[in-house]
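Engineer: Protein sequences appear in the order of chains A and B. Under the working numbering, residues 47 to 366 are what the first sequence spells out, in order. Under the working numbering, residues 47 to 366 are what the second sequence spells out, in order.
In short, the hints are calculated from the structure, not lab data. Be aware that a few hints might be false.
The list treats identical chains as one, so a pair stands whether inside a single copy or across any two.
Claimed, not checked - Lysine to aspartate or glutamate pairs mimicking EDC-like chemistry, simulated, CA-CA at most 16 Å apart:
| # | residue 1 | residue 2 |
| --- | --- | --- |
| 1 | K266 | D279 |
| 2 | K118 | D243 |
| 3 | K269 | D280 |
| 4 | K80 | E351 |
Protein chains: 2
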Amino acid sequence: MALAERIMAGEIRAAARLMRDVDDGFSSALEELKILYPYTGNAWIIGITGPPGAGKSTLTDQITAAFRAQGKRVGIVAIDPTSPFTGGAILGDRIRMNRHADDEGVFIRSLATRGALGGISRSTGDVVNIMDAMGMDIVIIETVGVGQDEIDIVRMAHTTVVVMVPGLGDDIQAIKAGILEIADVFVVNKADRDGADRTARELSMMLDMGKRKDGEWLPKVMKTEAARGVGIDDLVAEFDLHKTWLLDTGVINRFLAEKNSTVFADMLKERLFAEVHGRLVQSGELGTIVEGMGTRAVDPYSAVEKVLSGISLVEQPQSR
Amino acid sequence: MALAERIMAGEIRAAARLMRDVDDGFSSALEELKILYPYTGNAWIIGITGPPGAGKSTLTDQITAAFRAQGKRVGIVAIDPTSPFTGGAILGDRIRMNRHADDEGVFIRSLATRGALGGISRSTGDVVNIMDAMGMDIVIIETVGVGQDEIDIVRMAHTTVVVMVPGLGDDIQAIKAGILEIADVFVVNKADRDGADRTARELSMMLDMGKRKDGEWLPKVMKTEAARGVGIDDLVAEFDLHKTWLLDTGVINRFLAEKNSTVFADMLKERLFAEVHGRLVQSGELGTIVEGMGTRAVDPYSAVEKVLSGISLVEQPQSR
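Looking at chain A on its own, in the form it has when it is part of the complex (with noise of 0.2 Å):
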């Protein structure tokens, strides 16, 4: 209990804590998210995503430092795409972000990829309701890659970025389909470099051809040089342009209605898989179906068919 009053109060050790917990999948991380959800719901979260060495990090520390002067306190979520075998995401911690290090208004929290209890989007989701709840302004989640992993994960966000940069070529076709339907802004970085306002119109010109309806938001695509923080105010001031049109639209709505669903359903998938799996295993069943595959005596359709046809829901006997 105390440690959820300790997180709201706005302390970082104990949100840390409160992390690690989630990470070892202590059932007691669990009542204390229970505590915190009400208080969630008042940050901003922003989607940062591109392909590896789009400048994704120095384009989020920019970011960071434009919200920190306007006076908003700022929690990072990253993404590590390395191992936890390899201790990537304790390294990224580390070598991340050195000139916010000492601010209490950021904290970052690097996630692994792998290996996550519950999967990478579940982590992620309670890291942002931690950040949120300990009184975050923005919460900003960014990940490598775009396939779909990422594309679930940046949908938590109000706003989504993609990043790129010039010079991709023939290989942004291969990922530009997935992409073009997730992003409210488009940021191509490193715009210092050849390419970069080819790489743009091309944006623009895929941008046009998915022709949104009237009443759809319209993404622009923004030229950024991070590593030395020119664009970066114009690309804030079309955050709040988004943030303003989802609030003043109504769209707000039917988005959180729909991540709310999303997120209800990605929980009760993995828990209900991890309590009958778990059942299974306890009772040998598992055990024998696995060993009856291998002979091809069992097929798994129907050792499937026949666990759902035991299950039944004792509170909704109206559904049976």
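Could you slot chain B onto chain A? The hints should help.
Structural biologist: Okay, now just chain B, sitting in the frame of chain A:
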């Protein structure tokens, strides 16, 4: 019934039809898959992954030609990263692998990575089973990227190939950790490009650092120029070495037990969720939960627990 029998007789049209039925989620497809399952387990499955632009499709094409020259039948599952909304996967079917288009011994199926019922790994597994049951000697799973989705997919393969190209520079660092653990063979493709030797040397060094234990398979780094057919025979010979090693050491048994366990678990997770979530939608409880999350009157952690507490597994009374 007729469909499964026609597939086992090697009829490509019947197999294509069942794959469509699987995609469309027809319950009849499940019945056919159950019939086919006992006839699976004969194909050797090769997974090929790597970043966009590494030349995986060309390499797959050349490997296919090499296996065809040995008289083997080859199935190819190409996981297309483009959105289903843009029809990427369908277009992919048409433009890929033209030279095998009239070859009855080659069967190509593209899958989109998004919107797949029950997740892309599940769909891939079903398609592989169909190709296996229809008598394909080799099934190649080709996928783009090195995220968790791709790792899950190539884990189904007996032999996993990770394709790199020279000149990715520092970006390789960001993705290397997860890759080291899954590859049985590394390919540096486009080996005529500047820096090929350096990339190969760096990969070899990383492998040496990884230091696999005695009795474990030591992945080799092979160089190819897929566009000109250079290095393909050596690569295919290496696949054979890996297969022989898996069989001779008996490691294949551990591999298959783990794979079957994962296949069952993935299937259980998806269908369990679909079943319980469906009941919550029907009973209206889902709407109440999501609405409550919006006003913060309900927290998702408690809502999930409430659903779980109502679940009973009728056929496993001993595990309650």
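Engineer: Hint by hint, say whether it matches the structure.
Structural biologist: The hints, checked one at a time:
1. K266 x D279: For K266 and D279, only the intra-copy Cα distance (15 Å) is at most 16 Å; the inter-copy one is 49 Å.
2. K118 x D243: Result: close neither inside a copy nor across copies, 32 Å intra and 49 Å inter.
3. K269 x D280: Close inside one copy (9 Å), not across copies (46 Å); limit 16 Å.
4. K80 x E351: Between copies only: 11 Å across chains, 34 Å inside a chain, cut-off 16 Å.
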